[in-house]
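J.: Listed here are the chains, written in short residue letters.
2 protein chains.
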Amino acid sequence: MKIAIYGYGNLGKGVENAIAKNSDMTLVAVFTRRDPASLKISSENVPVVSVDDILKWKDDVDVLIICGGSATDLPEMTPYLAKNFNVVDSYDNHSQISKHFANVDKEALAGKTTALISCGWDPGMFSLNRLYANAVLPDGSDYTFWGKGVSQGHSDAIRRIEGVIDARQYTVPVEEAIERVRSGETPDFTARDKHTRECFVVAEEGADKEKIREAIVTMPAYFEPYNTTVTFITMDEMKKYHSELPHGGSVIRTGKTGKNDSHNHVIEYKLTLDSNPEFTGSVLTAFARAVYRMAQRGDCGCKCVFDVAPVDLSATDRSELIAHLL
Amino acid sequence: MKIAIYGYGNLGKGVENAIAKNSDMTLVAVFTRRDPASLKISSENVPVVSVDDILKWKDDVDVLIICGGSATDLPEMTPYLAKNFNVVDSYDNHSQISKHFANVDKEALAGKTTALISCGWDPGMFSLNRLYANAVLPDGSDYTFWGKGVSQGHSDAIRRIEGVIDARQYTVPVEEAIERVRSGETPDFTARDKHTRECFVVAEEGADKEKIREAIVTMPAYFEPYNTTVTFITMDEMKKYHSELPHGGSVIRTGKTGKNDSHNHVIEYKLTLDSNPEFTGSVLTAFARAVYRMAQRGDCGCKCVFDVAPVDLSATDRSELIAHLL
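The listed protein sequences derive, respectively, from chains A and B.
Numbering-wise, the working numbering comes out as the position in the first sequence, counting from 1, plus 7.
Numbering-wise, the working numbering comes out as the position in the second sequence, counting from 1, plus 7.
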């Protein structure tokens, strides 16, 4: 199947790598808002095309994987592109998903395309595990822990403080909180109980470090509700120790069954990822296969990971899966 | 939806408990091979019916959950019942699943019913996690660890030894092996590397305990390939400390992405279950909901967990799931 990538940042590169791992897929084009001549991609013999020319590719792309940002790109991009292409996006603004879903659904139905939104690991694989665990244990409690991993949004927030040259923020789950949940307890946690925030900051020469620290730890919503540590480092240390984008986390559901609810069960799904964008790109790519198959069956409109039968994600024959993976 | 249970052992009781946790389901009958008058079930006002009369219930049961054993019951029961009912079973003989699938498919297609086989946690939830993880990380390695938990088959094997009154066998995963896999190593394990077997045995008075121990640890396939410990206890201790049926385990996939495969990822799905039959019953019940919906859409034939879109497992509206669980 012919796959194209729209947007060539970290996520687009992750998708490019993932496509190379799937022998039933070919990367046919990378679309960019930049000057195509200025963009060098890893894949050989794959054209880099201006987004202005994308409609010319309508018949040559089976699925378009949209690798834009959730804040401003995807709410515009995905509905627009879904009119003409089968698409997958990674829209991750949880509170606005229903609105995005409705916008994309309208265009996909009009264009008779299949569009899958909010794919990745959260939303995405974590959502799937929340749904399965809730269906199996209706009487229970859900917990999600994130990290240890780099939060781009929190890193950006620190970079906007006066005197800061660069910053990296790690979200770290509180191990004691995870252990309480794993043991079957159902605590009501505050934000502070569940996660701490570790910040590594490169300051301008002569900057007031105590003032920067104070600006970080008192920042509402981003840092104030958490126990936050701030460590000042050099630019060399930043490049040497903090250039990667690891992430991960756990979705845990505990639930009761049996007479007098005497039996407890713990379902945990845990990800430990060296590269957030490469793993997210791998998830998008697997779901692109399902979108292709759903589109071939005429199953149009907006979809999410909940709508996809797992068999459609695999390059392997159903009979092989039943014989060897079931 | 109207659910019936076929077979009232530990698993049937687990399903009965699970149905009570799902307000969109009603238990309408329990079918038994025993004399119905001799069977007292937990639910009030639910008829206990002889299996000989089951065809009379054809129009009054939406989904029949078959709670028989995999060794001899299900290969006969499920095809026979699928001719007339939408069914779910927990067939767990991995090497024979394709054959069972074909037998059930033929009858379900002839009867225009929907039949879902090999549901539970392994096969079942573990299979799903193997499939998702393989689709997302095509370049990787799979590991499954079981336990700590009671293996009925191994317990039964010990009970057949002369001089043994009762026995309980726990399968225990080797923690060092799990840690190696979690760290991203991809070892080739022997059976002995991955699991140990802990046996608790009540012997007849005057029995030769050393002979019993030797018979256990040298038993081919069951115990010989493992490090096995045997502890003799009294019947009182057996009842007090070993009357429960806990189980669980982990499905782990590790895989590589990125340039030069420099990034490693670990996906782990872990279950810690106080009661194996109650959790298995809970999984069967959630999938019974999906079978009902697939049958209503005319999606006939034999299915497995891979064929079920997750949205069909939930009692909650799709729009609610998208708004709150995605």
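In short, the hints are calculated from the structure, not lab data.
The reader is advised that the hints may include incorrect statements.
Which copy? The list can't say, so a pair holds if one copy fits it or any two copies do.
In silico BS3-like pairs for lysine-lysine, Cα to Cα no more than 25 angstroms straight-line [as the list claims (entries may be wrong)]:
#1 Lys-28 / Lys-90
#2 Lys-266 / Lys-218
#3 Lys-28 / Lys-266
#4 Lys-266 / Lys-155
#5 Lys-106 / Lys-201
#6 Lys-216 / Lys-246
#7 Lys-246 / Lys-106
J.: One pair to classify: Lys-106 and Lys-201, alpha carbons no more than 25 angstroms apart. Within, between, both, or neither?
T.: Neither. Shortest intra-copy (29 angstroms) and inter-copy (48 angstroms) distances fail the 25 angstroms Cα cut-off.
J.: Cα distance capped at 25 angstroms. Does Lys-216 pair with Lys-246 within a copy, between copies, both, or neither?
T.: Classified as within: same-chain Cα gap 20 angstroms, cross-chain 65 angstroms, threshold 25 angstroms.
J.: Within a copy, between copies, both or neither: which one fits Lys-246 and Lys-106 at a CA-CA cutoff of 25 angstroms?
T.: This pair counts as neither: shortest intra-copy Cα distance 39 angstroms, inter-copy 57 angstroms.
J.: With 25 angstroms as the alpha-carbon cut-off, assign the pair Lys-28 and Lys-90 to within, between, both or neither.
T.: Classified as neither: same-chain Cα gap 29 angstroms, cross-chain 43 angstroms, threshold 25 angstroms.
J.: With 25 angstroms as the alpha-carbon cut-off, assign the pair Lys-28 and Lys-266 to within, between, both or neither.
T.: between (49 angstroms within a copy, 11 angstroms between copies)
J.: Pop the pair Lys-266 and Lys-218 into one bin, within, between, both or neither, using alpha-carbon distances up to 25 angstroms.
T.: Close neither inside one copy (58 angstroms) nor across copies (40 angstroms); limit 25 angstroms.
J.: Is it within, between, both, or neither for Lys-266 and Lys-155, if the alpha carbons may be no more than 25 angstroms apart?
T.: between (39 angstroms within a copy, 23 angstroms between copies)
This entry does not satisfy hints 1, 2, 5 and 7, going by the numbered hints stated previously.
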